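So the chains spell out like this:
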Amino acid sequence: MWFLLMLVILLTNGMSAFGLKVIAGWALPETVKFPYLTIWYAAGLASIAVPMLIKGLRIGRKEILWGGAAAALSIGGQVAMAIALDSGVPGHVVFPVAIGGSVFVVALAGRLIFGERINRISALGVTLGFLAVILLGLS
Amino acid sequence: MGLLFWFLGAISFGLLACVSKGAERRNSNASGFVVSAFGWAALIMLIRSALLKSGSPMPSRAIAVAVACGVCAAVAYLAFQTSIRVGKITVAWLMMNLSAGVPAVVSIWKYREKLTTLKVAAFALVLVSIFFLFWGQKIEEQAAEGSRPRGD
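First to last, the sequence lines map onto chains A and B.
3 is the number of the first residue of the first sequence in this note's numbering; add one for each residue after it.
941 is the number of the first residue of the second sequence in this note's numbering; add one for each residue after it.
Keep in mind the hints are simulated off the structure, nothing from the lab.
All values reported here derive from a predicted model rather than from experimental measurement.
Note that the Cβ used here is the ideal one computed from N, Cα and C, for glycine as well.
Among the hints, erroneous ones may be present.
[Said to hold, decoys possible] Restricting the straight-line Cα-Cα distance to at most 20 Å, the calculated cross-link-like pairs of lysine to aspartate or glutamate (EDC-like) are:
| hint | chain 1 | residue 1 | chain 2 | residue 2 |
| --- | --- | --- | --- | --- |
| 1 | A | K64 | B | E1085 |
| 2 | A | K35 | A | D88 |
| 3 | B | K993 | A | E32 |
[Unchecked claim] Label-pair restraints from in silico Cβ distances:
| hint | chain 1 | residue 1 | chain 2 | residue 2 | range |
| --- | --- | --- | --- | --- | --- |
| 4 | B | I987 | A | P31 | 16 to 22 Å |
| 5 | B | E1081 | A | A29 | 47 to 53 Å |
| 6 | A | L114 | B | R1088 | 27 to 33 Å |
| 7 | B | P997 | A | L114 | 47 to 53 Å |
| 8 | B | V1046 | A | A29 | 16 to 22 Å |
| 9 | B | K993 | A | A125 | 46 to 52 Å |
| 10 | A | M3 | B | V1045 | 21 to 27 Å |
Just chain B, with the same shape it has in the complex (with noise of 0.2 Å):
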């Protein structure tokens, strides 16, 4: 049972990425998509803290956090939606996830957690990958260029 709702995660998020390509191909407006997304994903929210009714309030360094982190959330979502208008999903939904690995360089720094060589061998393995996308894409950039006819 377990094991399917696991699979059922790993294609809802790869879903998630699909549908943005979908909205695009679409000529979906970018931060209407954005907004629409996370309008409806905090009104599904608000519902479900309405109905569970925790008494407990949120302290106001909690609700600081929260608006800090939404609003990067948002910016990326916006900036992914934008990129793939000009890029290539996969390299993009790629980088949303590599990007897993800029909180676990702030925990290291901030509570001091153990470098192991594990995490070693993810950062390196990181930045090679993201080296060899972004000079993937220079070259692909480049034979548009060579194939765009002289005089533009």
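This is chain A alone, in the form it adopts within the complex (with noise of 0.2 Å):
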């Protein structure tokens, strides 16, 4: 079960970004970015909200406040890194630290926080990955 999620994960969250490399390539005006990411969520929102419908499960509360919470950082994080970009911090040295930093507060909140221990094989694995976000973000 795990070995299948951490395939799904790999295949589509890589192709969730993708996009908005294609869509560069078709020169369209700078204000379509925000009508794309409308219909972004929009869609992803529906992909799942519809079997749930059909299950009839319903959201709860808790749900709601969690997922607001979820969607604020996200976008929050996204403006903070617009924001470097536009104050001259070099794209190059921007997203790499920056993924790489988030990994790293997930690591440290993972242990600290959550109580998570990881074995030695899956630390190496933790180390060489966290390498390998810094050098896709450089590349």
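Both chains are given apart, each in its own frame, so use the hints to dock them into the complex.
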């Protein structure tokens, strides 16, 4: 189950951001970015909400509040990165460190807040992965 | 000033994963959480788009790309939210970030982008990292099975 979920994450999350690159190649006006993201989020919402409705599942207050916090942090992160880029910090510096930094924050929180312990092999994988995301950002 | 926002960006994305884990710890329904997160974000973007009044209509091919990529993103986040119930958040979040290698490979194939030494090193590290992460998870699963009382 876990292995399958990781493969799904690798393939689908990777491709989810590819659209911005595709439309960038079409030289559309900059203002199209926000309607694009509106449809992007709405399509994602529908793809999970429709099966939920068919199954008769409902969203509670807990999900609405936690989901709101997640949305605020996601958009807040993107706005902060955009401001950093506008302030003159080069993109080849902003992206790798922001991505690597978020992995570091999660690793720290996983250990200190959620009490997760990882074995030595996984720790080696995390270290190499940390370097890999920085290199991916630089390249 | 730029450096402060750069730092805040990294913290925000890290906290996003922590909020997901917090929701999971409070037995929040994974699908409901993802629907709520995407719903709030869609609403904020809709308001932003309305305020912008771009005037230029979006081409249908761009709508098709947005729909396909949005569905991919929701499926990915649901898989992430489900995986942190059975596995480690650090590993799942790292996998979300390692997935950046997939569009990089597609770009090389589709746009004939140059395969630099840095990219080759990054892809090699991604593969080696995934190998160790999967191996580490296998060890944990075997240890969990070993510690379970016989006859279950």
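Do the hints match the structure? See the list:
{"no.": "1", "hint": "A:K64 to B:E1085", "result": "33 Å, violated"}
{"no.": "2", "hint": "A:K35 to A:D88", "result": "17 Å, holds"}
{"no.": "3", "hint": "B:K993 to A:E32", "result": "12 Å, holds"}
{"no.": "4", "hint": "B:I987 to A:P31: 16 to 22 Å", "result": "20 Å, holds"}
{"no.": "5", "hint": "B:E1081 to A:A29: 47 to 53 Å", "result": "49 Å, holds"}
{"no.": "6", "hint": "A:L114 to B:R1088: 27 to 33 Å", "result": "28 Å, holds"}
{"no.": "7", "hint": "B:P997 to A:L114: 47 to 53 Å", "result": "49 Å, holds"}
{"no.": "8", "hint": "B:V1046 to A:A29: 16 to 22 Å", "result": "20 Å, holds"}
{"no.": "9", "hint": "B:K993 to A:A125: 46 to 52 Å", "result": "51 Å, holds"}
{"no.": "10", "hint": "A:M3 to B:V1045: 21 to 27 Å", "result": "26 Å, holds"}
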